[in-house]
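K.L.:
Could you build all of it, start to finish, from the sequences and the hints given here?
There are 2 protein chains.
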Amino acid sequence: MAKKDKIVGIDFGATFVKLALISLDGIILKKDSFKTGDFASRDSLIAEMVRRARCLVDKKDDVLGIGIGVPGQVDYKKGVIFNLTNVKGWRGVNLREILKKKMGLPVYLDNDGNAVALGEMEWGAAKGYRNIVAVTLGSGVGGGLILNGEIYRGGNYAAGEIGHICIDRRRPICNCGSNGCLEAFVGNKAIAREAVRRLNKHKGSILLRLAEGKTSKITPKLISQAASKKDNLSIAIWQDIGRTIGIGLSSIINILNPDIIVIGGGISKTGSLLFKAIKASVKGHALEVSVKRLKIVRARFVEDAGVVGAAALVVKEKGCNS
Amino acid sequence: MAKKDKIVGIDFGATFVKLALISLDGIILKKDSFKTGDFASRDSLIAEMVRRARCLVDKKDDVLGIGIGVPGQVDYKKGVIFNLTNVKGWRGVNLREILKKKMGLPVYLDNDGNAVALGEMEWGAAKGYRNIVAVTLGSGVGGGLILNGEIYRGGNYAAGEIGHICIDRRRPICNCGSNGCLEAFVGNKAIAREAVRRLNKHKGSILLRLAEGKTSKITPKLISQAASKKDNLSIAIWQDIGRTIGIGLSSIINILNPDIIVIGGGISKTGSLLFKAIKASVKGHALEVSVKRLKIVRARFVEDAGVVGAAALVVKEKGCNS
Chain A
1 MAKKDKIVGI DFGATFVKLA LISLDGIILK KDSFKTGDFA SRDSLIAEMV
51 RRARCLVDKK DDVLGIGIGV PGQVDYKKGV IFNLTNVKGW RGVNLREILK
101 KKMGLPVYLD NDGNAVALGE MEWGAAKGYR NIVAVTLGSG VGGGLILNGE
151 IYRGGNYAAG EIGHICIDRR RPICNCGSNG CLEAFVGNKA IAREAVRRLN
201 KHKGSILLRL AEGKTSKITP KLISQAASKK DNLSIAIWQD IGRTIGIGLS
251 SIINILNPDI IVIGGGISKT GSLLFKAIKA SVKGHALEVS VKRLKIVRAR
301 FVEDAGVVGA AALVVKEKGC NS
Chain B
1 MAKKDKIVGI DFGATFVKLA LISLDGIILK KDSFKTGDFA SRDSLIAEMV
51 RRARCLVDKK DDVLGIGIGV PGQVDYKKGV IFNLTNVKGW RGVNLREILK
101 KKMGLPVYLD NDGNAVALGE MEWGAAKGYR NIVAVTLGSG VGGGLILNGE
151 IYRGGNYAAG EIGHICIDRR RPICNCGSNG CLEAFVGNKA IAREAVRRLN
201 KHKGSILLRL AEGKTSKITP KLISQAASKK DNLSIAIWQD IGRTIGIGLS
251 SIINILNPDI IVIGGGISKT GSLLFKAIKA SVKGHALEVS VKRLKIVRAR
301 FVEDAGVVGA AALVVKEKGC NS
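Protein chains in written order, with this note's numbering: chain A, 1 to 322; chain B, 1 to 322.
Honestly, I wouldn't trust all of these hints.
Note that identical chains are pooled: a pair holds if it fits in a single copy or bridges any two copies.
Calculated pairs, BS3-like style, for lysine-lysine (alpha carbon to alpha carbon, straight line, at most 25 Å) [what the hints assert, rightly or not]:
# : residue 1 : residue 2
1 : Lys3      : Lys60
2 : Lys292    : Lys78
3 : Lys292    : Lys77
4 : Lys31     : Lys4
5 : Lys203    : Lys221
6 : Lys88     : Lys292
7 : Lys295    : Lys77
In case anyone wonders, no lab produced these hints; they're calculated from the structure.
P.N.:
Below is the structure:
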């Protein structure tokens with residue numbers, strides 16, 4: 001019998017579809033990606049997904065299964081997508097059955113936030129913990145919850161919307177229609193906007209120079225670069241963003257009393273400047289009893305979090321990593 | 001063999017200790033209570049608890065067990081109290097073992113918020129649901145979580161602190177040391193304070209008359225009475241309080257996607273005026289996908305929630321009501 005020691009992980013994102021061949025230890029052996037928007041129809045996108053997945057696999061017999069994380073609400077048991085947040089035309093699609101038929105392999109489908117949380121539990125920074133909050137800081141603020149050692153999905157498969165914790169009942173308006181959501185303060189665009197707003201009072205900041213004089217080119221990545229060069233404005237921004245993230249996390253901590261919070265996504269790469277501010281804020285805002293033993297750590301997986309998490313779905317269901 | 005069809009439920013509150021003999025259907029057969037503060041030492045309080053519990057029981061053989069809910073963090077498995085929020089001198093006490101020895105019956109101990117949630121699931125408004133948020137609105141704002149059909153306690157037995165969700169990062173200071181906590185807006189005292197503040201601009205309100213001209217006598221109960229008599233000020237207060245509660249609940253809804261939220265405690269008796277405002281606020285603030293099938297209902301148990309919940313701990317552990 002073949003050893004079945006590889007997994008295909010697919011991260012179906014609104015911008016890119018990423019694919020990887022991954023070992024049972026969570027090591028990426030090969031990877032690939034393509035733009036989601038390049039395919040007009042659902043069928044042509046699926047065909048490309050399958051074509052690329054087949055290219056990754058040398059021998060099908062070696063593959064334990066395919067895991068796929070999608071950006072939206074899914075019935076993971078049936079493999080049906082209810083709806084995708086930023087990709088049109090996927091309501092009610094049983095992507096699991098379609099891929100299973102085309103690939104001839106077991107397929108496991110889940111929400112991408114859930115997959116990321118599981119990846120960190122299986123192979124990453126949350127290994128060995130049972131109550132895990134995984135947070136992804138990027139364009140949006142996403143998340144996944146592992147409670148009592150299992151993915152927690154909620155009554156309607158919609159749990160873990162960490163970006164939509166309200167931290168200010170007054171303002172600002174959020175994309176979701178509510179106001180004062182965490183994401184409206186610390187999503188990529190909000191951070192860049194805040195930097196531009198403060199530039200007027202900080203003419204000496206190197207940030208504008210790094211952005212070649214164009215405020216439109218200011219991104220969190222650039223603000224991190226400037227901060228690493230000791231730019232006061234940029235350092236202050238990350239301290240304030242960290243403080244704000246900490247306020248949102250404190251609500252989760254007081255509700256869920258997790259063992260560990262794993263923070264990933266592009267913004268997590270800002271590193272200790274941001275993490276120090278988050279931790280100080282949590283200490284000031286969350287209940288002492290829940291903070292005492294809490295760990296707040298950087299995710300192990302950032303760019304690859306989606307594919308690794310998708311692969312973890314297979315390991316979890318197959319029970320082969322325990 | 002005796003039928004063992006009764007349970008003793010004990011609600012160990014910071015103000016009162018309530019006890020009841022309860023049937024396996026959650027019906028209160030007899031009850032009793034005494035003031036917690038009347039007993040200077042822990043031992044004398046326990047002795048009184050035991051004496052009153054014995055008085056409730058006609059035949060010990062009929063009793064399945066004793067359930068007790070306590071206002072603080074407990075290791076429910078061991079029966080040890082880590083600490084009580086508003087009662088001094090209970091750190092590290094194994095109340096379960098003490099009661100077991102003195103009563104000669106099985107004893108189950110848990111946090112009171114957890115017990116209340118369980119009571120509503122076993123016999124109350126949340127019967128048949130698997131993902132339940134129980135909220136108690138009173139002096140403080142407490143809660144309990146049932147996730148995937150089980151009490152969710154968190155890594156450190158401190159989950160469910162719903163009152164300490166931050167809804168306004170700026171103000172006001174909360175007893176917990178943080179700021180903008182839900183409890184700081186909608187706890188009993190905060191509601192009364194808000195009414196007093198608004199009275200200046202609403203000289204025609206009957207509220208002050210109901211309070212015999214003394215602002216110190218204004219309570220949520222009185223504001224409810226005034227509202228039921230169509231007092232505009234009091235109606236507006238409940239609408240605003242409902243809106244604020246809805247903002248806090250929306251964060252929980254977006255994180256946990258529960259099937260049902262059960263709201264109890266004295267303030268819940270305000271009724272439909274409050275509940276309409278809560279529901280409208282939740283609809284405006286929480287994600288549509290999580291609100292669509294969500295139920296928000298009044299708790300079945302209010303004054304008796306603690307003793308009934310404590311009794312449910314026994315039923316749950318003994319598995320005799322399924």
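K.L.:
Hint by hint, note whether the structure agrees.
P.N.:
These are the hints, each one checked on the structure:
Proximity of Lys3 and Lys60 under a CA criterion of 25 Å is satisfied intra-copy only: 11 Å inside one chain copy versus 61 Å between copies. In this assembly of identical chains, the alpha carbons of Lys292 and Lys78 lie at most 25 Å apart only when taken from different copies (21 Å versus 40 Å within one copy). In this assembly of identical chains, Lys292 and Lys77 lie within 25 Å of each other by CA distance solely across copies; the values are 21 Å between and 36 Å within a copy. Taking the shortest Cα distances, Lys31 and Lys4 sit within 25 Å of each other inside one copy (18 Å), while across copies they are farther apart (63 Å).
For the homomeric pair Lys203 and Lys221, the shortest alpha-carbon distance inside one copy (20 Å) is at most 25 Å, but the shortest distance between copies (56 Å) is not. Taking the shortest Cα distances, Lys88 and Lys292 sit within 25 Å of each other only across copies (21 Å), while inside one copy they are farther apart (44 Å). Taking the shortest Cα distances, Lys295 and Lys77 sit within 25 Å of each other only across copies (24 Å), while inside one copy they are farther apart (31 Å).
Figure legend: structure checked against the earlier numbered hints; every hint is met.
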